[in-house]
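**Student:** Using the sequences provided together with the hints, build the complete structure.
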Amino acid sequence: MNKVKVTIAVIITCYNRKEKTLTCLKNLMNQDGIENVDLDVYLVDDGSTDGTGDAVKKNFPQVNVLHGDGTLYWNGGMRFAFAEAMKNKYDYYLWLNDDTFIYPDSLKLLIETSNTLKQQKRNDVIVVGTIKDIDTEDVNYGGFVQKSRLQLLKFIQLECKTEPQLCDTFNGNVVLIPGKIVQTIGNMNPQYSKMQMGDLDYGLRAKYAGFESWVAPGFIGECASNSTEGTLFDKKLRFKERIKIMKTPHGVPPAKEWMVFTKLHAGFLWPFYWIRTIVRLIFPWTYLLFRKPE
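In the numbering used here, the protein residues as written are 1 to 294.
Don't read these hints as lab results, they were simulated from the structure.
As the structure is a prediction and not an experimental result, all values here were calculated from the model.
Don't be surprised by glycine CBs; every beta carbon is placed ideally from N, CA and C.
Pair by pair, the computed Cβ-Cβ distance ranges are:
1. Y208 <-> I156: 17 to 23 Å
2. K3 <-> P271: 50 to 56 Å
3. K263 <-> G210: 18 to 24 Å
4. I156 <-> G210: 18 to 24 Å
5. L269 <-> K58: 49 to 55 Å
6. K87 <-> T49: 24 to 30 Å
7. N59 <-> Q183: 31 to 37 Å
8. T49 <-> P104: 29 to 35 Å
9. M29 <-> T116: 24 to 30 Å
10. K256 <-> D50: 27 to 33 Å
11. K26 <-> D133: 18 to 24 Å
**Tutor:** So this is what it looks like as structure tokens:
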């Protein structure tokens, strides 16, 4: 790895996942081959009641622990931590989910992939990590490509490969973003509060600004897939209960926020997606009958 000193701000948000958060940080702090890398971690504890924030301070006193009020959710928490980190200029900003456990050489691989692609493309690129499901070992988070020009909001997840792959956007589990791109794109979109699509939005915004996103070769880490238990897709629940869940932050994207996303990224077909949202609001049962968990 290049001997030039590299500075990285790590962006994390968490809520009531103390053991997972501590494991995530332990794996981050025990990376191999990064002797010339300085890590500054910015972690938002969004009102955890299980002592996550205190446990982080005790076990990792070097981490900058920020406090939310429990209403930030993933987008808000990441945006808060990102904003604090952006007050200082870093070579890279690393998004990292607190339930994602990276492998010992993951950070080295991300940096090397970034350097190689920068030399080839003569421009900075975002590098995305592919994550495997802990139980099935299948890809569950990583990079996406848009299905077609007429289906811009239909995303196909890329499989794990031995060579870097160009993607249109990504999940935010493990993402390495050069400082130059952050200076150009800025923070995550503040118009998304409860809608968990700020990562997809960021990747697309980078694309529009002329920056490519690439998936690093191999698996970068592992993470349990989101369970459908207790969600609107939980068929063990009564239909009325599932409809009720649709209106919570853990349900479908809020209508206003979805309209923002469709206007930005669906092209001239955005009214079609918006009409679907109106139908969903008026006839929620149609959504539950025909929509499957992604």
